[in-house]
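Chains as they are written, first to last, in numbering that gives the first Met the number 0: chain E, 0 to 213; chain B, 0 to 312.
Derived from the structure by calculation, the hints contain no laboratory data. Note that beta-carbon positions come from the ideal geometry of N, C-alpha and C, so glycine has one too. Treat the hints with care, as some may be off.
Have a look at the derived ranges for each label pair, beta carbon to beta carbon [unchecked claim]:
1) E:117 to B:297: 43 to 49 Å
2) B:297 to E:75: 45 to 51 Å
3) B:298 to E:7: 57 to 63 Å
4) E:7 to B:273: 23 to 29 Å
5) B:289 to E:55: 38 to 44 Å
6) B:276 to E:28: 50 to 56 Å
7) B:238 to E:117: 56 to 62 Å
8) B:223 to E:94: 55 to 61 Å
9) B:245 to E:114: 46 to 52 Å
10) E:66 to B:289: 40 to 46 Å
11) E:94 to B:294: 24 to 30 Å
12) B:34 to E:53: 25 to 31 Å
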Amino acid sequence: MIKLDKAVKKYKVDNKDLLALNYLDLILEENCFVAIVGVSGCGKSTLLNVIAGYDKIDYGYYYFNNKDVNKFSKKEKSKLIKNIGVIFQDFNLLEYLTVKENILLATRYMNSKKDLLKVAKKLDILDILNKYPSQLSGGQKQRVAIARCLITNKKIILADEPTGSLDKDNAIKIMEIFKKLNDEGIAIVIVTHDENIASRCKKIIRMENGRVVN
Amino acid sequence: MVVWLIKEVFYQRKRHYLTIIASCIAIVLVLLVNIISSFIIKNVNLSFEQLGLNISCIQLLEKRNDNWIDSVIEIYDIRKYSSYKKIQGRDYKVIGCNSNLSKVFTFNFERGHFLTPTGNRYNDNQIVIGSKLKHYFNCYQLNDFINFNGITFQVVGILEKDNYNLYEDFDDCIFIFEGYVKDYTQSGLYFVSNKVFDESYISELLGEDNYFFIDQRQTKDSLIALLNLIRNVLLALSFVSVVVSIICIVNNSLSNIYSRMKEIGIKKALGASNEDIYRQFILESILIFLISIVISCLIVLAIIKLINLTTKN
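Sequences are here, hints too, so could you generate the full structure?
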């Protein structure tokens, strides 16, 4: 489904090139449940941004469903973004919208959508649909963020430290939700530095200095 | 979509306050300056009449018993001169039109004089004649018909000689009424005389040091120049305020965009295209502009009502 071949992503720091992705090779299968782990600055988040289509690699190849993403037109790129849902550590909910509106926000930009109530029921957020993000706990916010991904038919969910700002119980709850979603056929890629969280995934990919080491 | 947009704009209202205030100031100033200047231009003649100035006249001040009497007015209106000359032929010339005659003369029909009350309408074929002309036309009573330049007129007034000197000037004058003059004057009265305005004639009549003229056209010119200056200053001020407001609006909009980068990022992550983001900001700007226009119009209406009320009082 996703293949990175000798991917290089450079950043300029103090006029010197810093290789965030250093000739990285990676294959993510359909329906995978992968944790990408590594120390801070090893290139995890950059990798996530490249996969999500927010960043472009400077060298190498990125194939999505066997198609070269570098050669994608604007339309194809927006299709790629529409296939991939991203969940962040700080939830990224819009404060001025209710939970319901935050979830439906995604449907404003996409044609496909699922039943809101079904999704809400699945994530146990039915009773907070009319609340504002400021009235929610961290776990609830993250479930709303997941619901926002699910309301449109995403094939992959990328999660950048999804449990980073949650307590242990809530973190476990979120991981259970990810597992359920994976069982339903959605690929889950989690970036984390928490080994306990990573151990709940089917596969662990370790990164060091912009490369996959295992 | 509209509900979302309103909600977004409303949520960002603190950021939009400055934009709305700046837009309102610019729109209110431009509207006010335009309304006031067009009002001034439209009503400038009326305003002068209200000030008691016969702006299309030369005013003659006559010295009587060491006092300057300004109730004696020689009318000399360049504006109407040519049009009447054409109609009335070569013997008689229109020398003037008094824009506010009823206030200057108090003629009385019952005493054989004529009265031109404000708003009284006369027909085009009715005239008032000076006292010398009643012998010329053999017309000694009112409502007689006379033939003048091939046109039959009904005499509705004879200007008899009186103790006042002023009537002597009009002994050989014919006064005609013209409907359309109503548009310009309150009395609708024209003078037809065989005398052209001539300062030497006045000098001979009154003595050299016993009179002087006030050419109210000059007064009018200087007043209009002043009004134009005020208008231009107002326009310049409004222009400056518009420029300042535009800078303020652009600056605010840009800072608005920069401070909403996170929101834009979230929306793009959810699949919004650049067009979606542009559309949102453009629609927001239009909505803010519409709100500003409504507020500005209400402010301008309130100001105009207030001005009307104060001027009425």
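field: Numbered hints the structure breaks, given as an ascending list
entry: Hints 6 and 12 not satisfied by this model.
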